Structures are given as structure tokens and as C-alpha cells.
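Put the complex together from the two separate chains, hints included.
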Amino acid sequence: MENFLYFFSFQDASIAFIVLGITILGIGSAYVGTFSFLDNKALLGDAISHAVLPGICLGFMLAGEKNPYYIVGGAIISGSLATFLSSWLKENTKLSEDSIIAVILSTFFGLGIVLLTVIQKSGNPEMAGLNQFIFGNAIGILEEDLWVYGGLAFIIILSLSLLMKEFRLLVFNAEFGKAIGFPMDRVRLVFNILMILSVVIGIQAIGVVLMAALLITPGAAARFWTDRLSSLLILAGVFAVLSGIIGTYISFVLPQMPTGPWVVVSLSTLALISFVFAPKKGILYRFFSRRKYLTKMHRDHVLKSLYKALEEKKSGLSQSELLALYPHHKRETNRSISYLRKRSQLIIKEGFITLTSKGKSEAMRIVRLHRLWESYLNEYMNIAPDHVHDSAEKMEHLLTPELEALLDNRLKYPKLDPHQENIPRDHDEL
Amino acid sequence: MMSFDQNAFLIIFTASLIAISCGLLGVFMMLRKMSMTGDAISHAVLPGIVIGFFISGSQRGVEVIVGAGLLGIIATMVIDFLRKKAKVQLDASIGITFTLLFAIGIILINLLAYKVDLDQECVLYGEIAYLPIDLWITKAGFSMGPRITWLALLNLLLVITFILLLFKELKLTSFDEGFGLVMGIPAGGINLALMSMVSYTTVSSFEAVGAILVVALLVVPPATAFLWTKNIKSLIQLTVLIGIGISIIGYYMAFWLDSSIAGMIVSVAGLVFLVSAVFNSKKYKFKSGTRLEPEALSS
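Respectively, the protein sequence lines represent chains A and B. Here the numbering used here is used: the first residue of the first sequence is 1, the next is one more, and so on. Here the numbering used here is used: the first residue of the second sequence is 1, the next is one more, and so on.
No lab work stands behind these hints, which were simulated from the structure alone. From a predicted model like this one, the values you see are computed outputs, not experimental measurements. Among the clues, some could well be false.
[Unchecked claim] With a Cα cut of at most 35 Å, we get these calculated DSBU-like pairs of lysine-lysine:
(1) A:Lys314 <-> B:Lys282
(2) B:Lys87 <-> A:Lys292
(3) B:Lys87 <-> A:Lys94
(4) A:Lys358 <-> A:Lys292
(5) A:Lys349 <-> A:Lys313
(6) B:Lys84 <-> A:Lys280
(7) B:Lys233 <-> A:Lys90
(8) A:Lys330 <-> A:Lys314
(9) A:Lys349 <-> A:Lys281
(10) B:Lys233 <-> A:Lys94
(11) B:Lys282 <-> A:Lys280
(12) B:Lys84 <-> A:Lys394
(13) A:Lys304 <-> B:Lys85
(14) B:Lys282 <-> A:Lys296
(15) B:Lys230 <-> A:Lys94
(16) A:Lys394 <-> A:Lys296
So that you can see chain B by itself, here it is in the shape it has in the complex (with noise of 0.2 Å):
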């Protein structure tokens, strides 16, 4: 049954575009500890891609990504807010803003349920299957081909030229905030624009794999890649071809199990993670370091 069509490319080219974008970015939250705040935020995206809805009238309008995006810096401020303001604690602040957002967002939904054609399954778990039918067709009546893909090109595009203008001072900010300070790098610019990309990458793929399924293509081929090496330049690449292979291995999964091919990318995916952290976990490793022997301490 295992077949290489157009089809079939199209779906993994798409699904490799979108799942490079998430780990290009993703390196960075994880470096920063963020990652849970990247899952915050690709909850809590929903009312902004439902409000934006509701106003264009499509899920083509611009008005999606405006509203997904502000939502998203929104969630970013609110936690810092939250952290900063009110004294709760880091983790508690996240849970309470995104579990806040994304249920404002189904309410939304079910709201308007009868105005907007968006339900909740869509944007939860989306269907790459589709695509190949979802076409872009200009005014003159020309096809261009699935509109998804062209989005996820886009968005690629955006996201290299992200890093590349802003390499050193991601890179920086990422690993020393306060040196980065010192040497006059706005780190709070710096964080807010990483927020935005995410937010934008989410609503860009949401439609594809699903705002949730964002998240872990957002931390699991960067956490991955991570376990292998500790170099970023080693990190990125990793974590670019981990995107490949599990779009690859995950279309032709879901294929041979007739399910969600997100759902079956992200699961191969944790896969992939788990075989990479026995290999390399503590246990089964010798340790190269200098340990501190017993009779050092007694001495």
C-alpha cells in the first residue's frame, strides 16, 4: 500500500515546512526555558484566530494573524504580568493564562458556531489530509497548487530570515540575559519578537496539524536534538532533519493506520525522543567528568 504520489509529496513537504519552522523557533524557547510558555501561548492563540474569523469571514483573512498574533503577545504579557505584578509563581501564572484564553476561545466558538464555519476539532488536531483538495486558485481561475503549502512557505521564509537578522542576539539573550543587557540588546524586544513568530507560526499551521499539535513539534525535535548535542549550530541542524524524518515516517504511519497524520507525526516524534533518551540518559553512559571519591570528602 505504501505508494509516493503528488499527494503524498505535497503532504510531506508541508508537514516537513511547518515541522522546520516549529524546531528553528522551538531551539530558542528551549533554550530559554520557555517551553511551556510556547505551549501557552499555542493555546492561547484560539480567540484571536476565532475573533479574526468572525471578522473576515474566511480563515484567509489577515485578520487571522493579526488577531492570532496580538492574542499571543496578549498571553506573553499577561503571564509576565501575572509573574511580575501579582507575585504568582512562574508556572502557575501559565497555567492560569492559557487555560483562561483557550476556554474564552471555545466559548467563542460554540458562540458563534453558527456564523463561523470553524469547529473546535479543526483547530485542535486540524487535517493535513485535506490539502491536496484545499487549492489556491487565482483571480484568473489559475491554480497554484494547495494554498496550506504556500502558508507554510511563507512562514519558513519569515522564520530563516527571523534568526538569521537576529542570530547573535537570540543566541545571546538566550544563554545570558544580563550580559546580553550590558551589551545594549533590548532582551524584552528581543523576547516579545520570538513570542510573535511563535504566535504567527501557530496560526499559520494550525489549520495543518492543529494548534496543539504546534506545541510539540515546537519542543519535541529541538528536546531531542538536544539529548545529542550541545552545540547550537549541531542543535539547529538536528533538529531541522528530526522534523524531516518524522514528517517522512509519520505520513506513512498514519497511512498504514488510517489515523490523524499529525497526531501520528508527534507521536513518532516522541518516539524518536525516547529511544534518543535511553541512549543517551546517565545510566548508560560512562561519565567523562571528575568525581568527587569518597575518601575526598572523608579527608
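Isolated chain A, as found in the complex (with noise of 0.2 Å):
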């Protein structure tokens, strides 16, 4: 408790400095790769945050201490190497989106591997600091490195601010980004600048390894709440941010625990509750609303078996009779007769069930829509009478009082349907 007062109290100035640092990082990794997550990229951050391991070890070598100018600059060129070796794989090769993209990330790693164990061997005593890029340490982040880090994720953000109609175009239509005529192909070697940048950024305080999940989770987790990019962007910044800050103190009271791996803990976990609870698009919600479309769909047509029954001048049917109907669901069944038995649209009596008047009503209603949806295909689609009901028996469920409002328009209020069967209007009697 003493340690979180002191943490987020931030009256430690190199704390407070850490966090502006994490959250300018996050903002910047998330903004980029929500459009490469959105652009079906979003792999390839994982095999640029891989690649940039041989440039860091380069950069290192050269400079032969941790000095950021080096570091950074290794990176963006190996981080390129790999962006350019992937897109002209793709182009020159038959190997698979995918392949390409686990070779690239894997030979890159191997070459950095072998880096980093030449340089353990030189005895370098800098080399420790050098760990740190493969599970990350956001605690040992030096100030003077911080400017730069932050320096760059400023630019990304502005960058990405300030072209935003562009890449907008790259990752939803590049073909009519190209038609209206913007230089696409230029915009998506910006967008990879940009996305190398934010990788070198991001492995300070995340690692190589684990760099994919800040440029992937923010942007597929947010992508559950929200379909407008504006608030997407944000919601996927403040899940990093988040994220970040969790992770750093994580690190902060555990000094032996890397930072990286609990910034991907609590980012998983809010991109976990986002499948799960998420309004309109989460696992739980579009179980529920399947499940009552299903029961709706059964109840409808329990209500045009019945009115069937009325058409071949019977008064209703006797309850066995209507689950026989329905051999494998006589518990839907079941429940759908007592449903509409209290929406008072049938009456039960000694087990026959006949329609009140306002149950024929609606029993009319999905006949009608279907015989309509009918007619509609049959004489605009041009569509064989004898391949028009399985449709109709889908439509029945979901033409709304406009749509049918239109057909019957279109169809100038047709008195029947291909199969000569009359369409129930409901002034008719029976």
C-alpha cells in the first residue's frame, strides 16, 4: 500500500517522468497498430519486433556502450530490412503471407542471437542493459534515453494525426485511395516507418518478444466496443496506457520482475473481458440475442402451423397434433404455446388450441410476409416457384412493416403467391 501511495503519487520525479514516458509509448504503439490490425497486418509488427534485435546488437556493438542514437538507428535498419525482405518475398515468391512472415521473424532473431552472444562473450560490461530489450524493464529506462523515446512516439503520434485521412484510405481501400489518386504506395512506406518506429520505441519497455501483443491487443480489444476509427483509436491508447502503468508498477515493487510480461497480462485481461462482455459484438451478448431470435423464430412458426389449420377449415389443433409437428422440440414447443397463451394469441381448451383474434392477426402477418417474399422473388429475381420457400422461410422472420410495405407496393398488393395460395390480408375471413 505504502509502495502504490508512493507510486502513483508520483512526488518521486523519475516515476512521474517513467509514466509520461510509458503512456506517450502506448498511445503511440497502440495508434499505430490498431491500423495494422484493422489493414489484417497485424503479424507483421510481430516479425518487425523480432527483426530489430540484430540492429540493436549492431548498434551496441558499434557504439559499444547503450547509447540511444545507435540503438534506435540499428533498429530502424534492420527493422526495414525485414519490412522490405517481406514485401518482396511476397512479390517474387509463391511461399504463403504467413510463412514469409515466420521466416523473416525467425532468422532475425537467430542473427540477433547470435549478436548478443558475441558480445557476452567480449565481456562488454554495458551488456546487462542489453537483456532488458528481451523482456523489457520500463523501471530501467534512463532519462536522457526517455527524450528520445518520447521524442519519437511524439512523432508518430503527429504523424499519424496528421495524415490520418491517408491511412485510413490504405487500411479500408488502398485500390480507391489509388483511383482518387493518392500516392499509396508512399503512404504505406510511411505507415512501415512509422510501425518500425513504434516497435524500437515500444521494446524498451516491453521486449522483443512480447512487443506484437501492445501493437495487436489494444486495437482487436477496443474493435469490440465501438465501429467509428476516432473512437476506436482512443479506446485502444487508453488500454495501453492503462496496461502500461500497471505493468511498471508491477516492476517498480517487484524490481526483478521484467516489465513486458505484466503489460501483456492486464492487456490480455481487458481484451478478454471485452470478447466476453462486450455490448453487441461480445461473446455473451450475441449468445443471448441468437438464442432469442431462435425461441422468436420457433413461436412464429408454432402461430403459422395454427393458422395453417384454419386454411384447410379446421378450427385450431390439438395440442399432441402441434408437437408432433416439431418432433425434436417439444420443449420449445411447449414453451411457445404457453408464451402466446399469455400474450393471450391462442386459447387452450381441453387440450385444443385454437388462435384468438389477435393471434391470427399475427399468424397472418408472418404468412403474409412469407407468400409476399414469395411472389417478390418469383417475379423480380426471376426465380423458379419450387426454389423460393426455403428463402422466404428465413425472410418470414425479419421483413419489417416498412419492408413489407414496399414489397406489397412493388408487388401492387398481390391477392396470391406463386404456389396459387392466397396471401391473408387482414380484413380477410376464414
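Below, the structure written as C-alpha cells:
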């Protein structure tokens, strides 16, 4: 608790500084990552983040110390090389994109490990600082490094905001962008550079192996809450910053703990919560709305069967006859019957079920929609009368009153459907 | 300084065994466009390894293999769940799953740091160079030779048996899953079996080459072979040859530069891949297929 207060009251200037750094960095990575997620290129970020390792090592070897400029420079060079190679291989070989990314990711990482062991054997005392790049250590970031990384993050955020329109075109419809005269190839180049930059600044805090999470997860989680790009970007940024601060705090309390894994765990928790509980797109919401739809569908079918009995000049159906119509859905049928009875759409007298006038009107509506849709398919789509039933069976549950009016209007209020069956109207008598 | 002694032979032999096991599985992973899933599995087995290690108290326990195998299957299922139930796109499902599981693994290593003798560097890059001194000694005190070599041999035998037994099924489901289903082959089951083999191979090899470099051996030799041939039999043969070749060259390069052997094997593999890609790229080859001429388009 003491630690908690000490950390979050920011009385220690260096902690305040680091939290500020993590915030800018998280926003930058989430920003770039969301675009690449929307572009279906989420794993390219993973490849780039593994691929910067040899560059970092080379920068370290050339400078002989952990100089941020050399390291950033080396990382940019090897990251660009990896990006270039991946697009070159995609154009010039028959390998699938997925194999290409896996090849680049693993070979660059292998090369990085070779260089890392070479440095290790050279006995340079600064070596310990280099290991941080693999798992990340936000607390270990020096203030002077922070200026460089913070500056880069700021550049990323600024250029993404300024070129928002171009990047939006790039991820949603690059072909259209090209057609209306935007230099899409150059836009992609700029975007790739920004992605490399965001990886370079992110690995200090998260590490090479887990950097992919900071690029992919915030966007994927935020996507469940909104369909608008602007709110998507803001939400992704909030997720990234939140988990960045949690990870940093844990590294602060337990100094031997690397920051990266905790950032990733908190990010993933946020993502899982989003996947399950988000309205509209979450698993729970979709599960319940599907179930609701299925019960409504079955109720509609029960009403329809009762109406068809009326058409056959029977006054209704016995309970057992109705149950026999849906042999594998006994429970659903019983539930539908009791629901409809409660809504006074049908009455049961000594096991014999008849529709009330309210129920009849509802049943007529469903049958009417079914037959209207069949007529529409037959007349406007030129589909043979014996092929229209299945589609109508689905559409009868979905057509809205507005669409019904439109169909009626187009078909000039038909009396008969393609099977020469009556299209029932509310004033009809049976 | 080039020398060929018993140690060099053992290291090259073991590395080749691992490279062949990985390559054989990798061919099918590549044909199924699941290379990145292989990458995800090789990261995701980490928590299983750590938990197994913690329970058994040594890295030789069966628990380690069982733990890693379970985690590999869990990872495959989580990816599938995210993709099908939560409707997250495939690449993002892979990215989220493996980073989360790997992060949990690293956290566990740090939490149990004083209880298990396992450090993250060892899991990540492995050190095949210590192989000749890590001997398998029977209860009678008789030395049977390096333990990891035996593990790699066992692994290879199992992989070969697996592929021989299921060759037809693997081939069919790799190229046309729908047709396989029609023929009565349980594509989902075959897939899970392949993923379990990949996780088992990852664990079996992690001590030697490290969990992350396993993915390189899974991916790079098959991809290189794929650049040269499209026939599945020659694809497999070439993959095996490349696996052996990079092990030999990689060992001597590492010896010469005094660096990580596993890392060097992968770097050599990457170089071979790059040369093959340049040789076989569309630019440097005559196209034999028919092309649409501009006149044909305008008429």
C-alpha cells in the first residue's frame, strides 16, 4: 500500500517521468497497431519486433555502450530490411504470407541471438543493459533515453494524426485511394516506417518477444466496443496506457520482475473482458441475442401451423398434433405455446388449441410476409416457384413493416403467391 | 581450428535430429498455412514447461512434456475459440494468444526463480554446446552418452512414426480439408494431433535450441525447400537435407565466431533461404505459363 501511494502520488520525479514516457509510448504503439490490425497485417508487427534485435546488437557493438541513437538507428535499419524483405518475398515467391512472416521473424531473431552471444563473450560490462531489450524493463529506462523515445513517440502520434485521411484509405480501401489519386505506395512506406519506429520505442518497456501484444491487443480489444475509427483509436490508447502503467508499477514493486509480461497480461485481461462482455459484439451478447431469435422463430412457426390449420378449415390443432409437427423440439414447442397463451394469442380448451383474433392477425402477418417474399423472388428475381420457399422461410422472421409495405407496393398488392395460395390480409375472413 | 572430434559429431548429430523432426512437421504446417500457429505454439508451451518443471523438480520429468503438450493444445484451442466464437481475425487471435501465454510463462519463471533452476535465457536460446557434458547415467552408474541426443532421437522416431501412420490423412487435409471431411477423415482431430506433435517437439528441443529457435527450424527449411519443388515427396527429402546441411555449417560457423550454435544454425538457414529466394524469384526466371497479351485484352 505504501508502495502504491508512493508510486501513484508521483512524488518521485523519475517515476512521474517514466509513467509519462509509458503513456506516450503506449498511445503511439496502440495508434500504429490499431491501423495495422485493421489492415489485417497484425503479425507484420510481430516480425518487425523480432527483427530489430540484430540491429540493436549492431548499434551496441558500434557504439560500445547503450547509446540510444546508435540503438535506434540500428533497429530502424534492421526493421526496414525485414519489412522490405517481407514485401519482396511476397511479390517474388509463391510462399504464403504467413510462412514469409514466420521465416523473417525467426531468422532475424536467430541472427540477433548470435550477435548477442558474441557481445556477451566480449565481456562488455554494459551487456546487462542489452538483455533488457528481450523482456523489457520500463524502470530501467534512463532519463536521457526517455527523451529520445518520447520524442519519437510524439512524432508517431503527430504524423498519424496529420495523415489520418491517407492511412484510413490505406487500411480500408487502398485501391480506391489509388484511383482518386493518392500515392498509396508512398503512404504505405510512411506507415511502415512509423510501425518500425513504434516497435523501436516499445521494446525498451515491453521487450522484443512481447512487443507484438502492444501492437495487436489494444486494437483488437477496442474493436469490440465501437465501429468508429476515432473512438477505436482513443479506446485502444486508453487500454495500452492503463496496462503500461500497471506493468510499470509491478516492476517498481518487484524489481526483478520484467515489465513486459505484466503489461501483456493486463492488456490481455482487458481484451478478454471485451471479447466476452462487450455489447453487440461480445460473446455473451451474441449468445443471448441468438437464443432470443431462435425462440422467436419457433413461436412464429407455431403460429404459422395454427393458421395453416385454419386454412384447411379446421378450427385449430390438438396439443399432441402440434407437438408432433416438431418432433425434436418438444420443449421449445411447449414453451412457445405457454408464451403465446400468456400474450393471449391462443387459447387452450381441453387440449385443443385455437388462435385468438390477436394471434390470428400475428399469424397472418407471418404467412403474408412468407408469401409476399415468395412472390417477390418469383417476379423480380425470376426464381422458379419451387425454389423460393427456403429463402422465404428465413425472411418471414426478418421483414419489417416498412419492407412489407414496399414489397406490397412493388408487387401491386397481390392476392395469390406463386403457389396459387392466398396472401392473407387483415380484413380477410376464414 | 576446424576440428572434427566426438563432441563436434554429437552436437551436429543432435542438431540434425532436431532440425529433421522440426522440418518434417514444418512441411505440413506450411502446407496448411499454419506456420505462424507453429510460432505461437512454440511460445505458448513456456508456462507448461515451467509448471511441469516446478511439479517434477527437474527438467527431465515427464510432467514437463505433459505440461507443454497440454499448453500447446490449449493454445491451438484458444486461437480457434477467439477466431470462431469471438470472431477476432486469425492473425490477431494468434498474436494475442501467444503473447499472453508467453508472458505468463516469463512471470512464472520469475515467481519461481528460487525454486526452479530454469532461467529465461536458457528457455529462449538453449545451449546445445553443453550437450556433451550432460550425460544420461543409468542407475547402475553406466553412462549412456548425452541425454539430449537420446531425447532428440526418440522425438525423431515418434515424428517419423506419426507421419508414416498418418501420411495420407495429413496430405489430404493439408490440401483440401473439405474433401478430407467427405472422405471421412476427421480434419479437426488430425489438426490437433499435428499440433500436439509440434508442442512435444518444441519441449523436447527447447533445452538444445531454445523455444524460439524451434520455430525457425519448423519454418525455414520447409519454406526453402518449397522454393525449389512443389512435389510433396521431394519437399520432404529436401527439407531433411537442408536440416542436416545447416546443422553442419551452422556448427562450424558458430565455432569460428564463438557464438550461440542454435542462433548460428538459424542464421545459416536464413542465408540459404535468401539465396534460394533470389534464385527462384519470378524476376530471374522465364515464365512458362501463358500470359494475357494486351491485344487479347483489347479485343
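Hints, verified against the model:
1. A:Lys314 <-> B:Lys282: violated (74 Å)
2. B:Lys87 <-> A:Lys292: holds (20 Å)
3. B:Lys87 <-> A:Lys94: The hint holds at about 28 Å.
4. A:Lys358 <-> A:Lys292: holds (22 Å)
5. A:Lys349 <-> A:Lys313: holds (18 Å)
6. B:Lys84 <-> A:Lys280: Holds, because 16 Å separates the two Cα atoms, which is no more than 35 Å.
7. B:Lys233 <-> A:Lys90: Holds, at roughly 25 Å.
8. A:Lys330 <-> A:Lys314: holds (23 Å)
9. A:Lys349 <-> A:Lys281: This hinted pair is violated, its Cα atoms lying about 44 Å apart.
10. B:Lys233 <-> A:Lys94: holds (18 Å)
11. B:Lys282 <-> A:Lys280: Between Lys282 (chain B) and Lys280 (chain A) the Cα gap is close to 46 Å, so the pair fails against 35 Å, i.e. violated.
12. B:Lys84 <-> A:Lys394: holds (23 Å)
13. A:Lys304 <-> B:Lys85: holds (32 Å)
14. B:Lys282 <-> A:Lys296: This hinted pair is violated, its Cα atoms lying about 57 Å apart.
15. B:Lys230 <-> A:Lys94: Measuring from Cα to Cα gives roughly 10 Å; hence the hint holds.
16. A:Lys394 <-> A:Lys296: Measuring from Cα to Cα gives roughly 12 Å; hence the hint holds.
Checked against the numbered hints given earlier, this structure breaks hints 1, 9, 11, 14; the rest are met.
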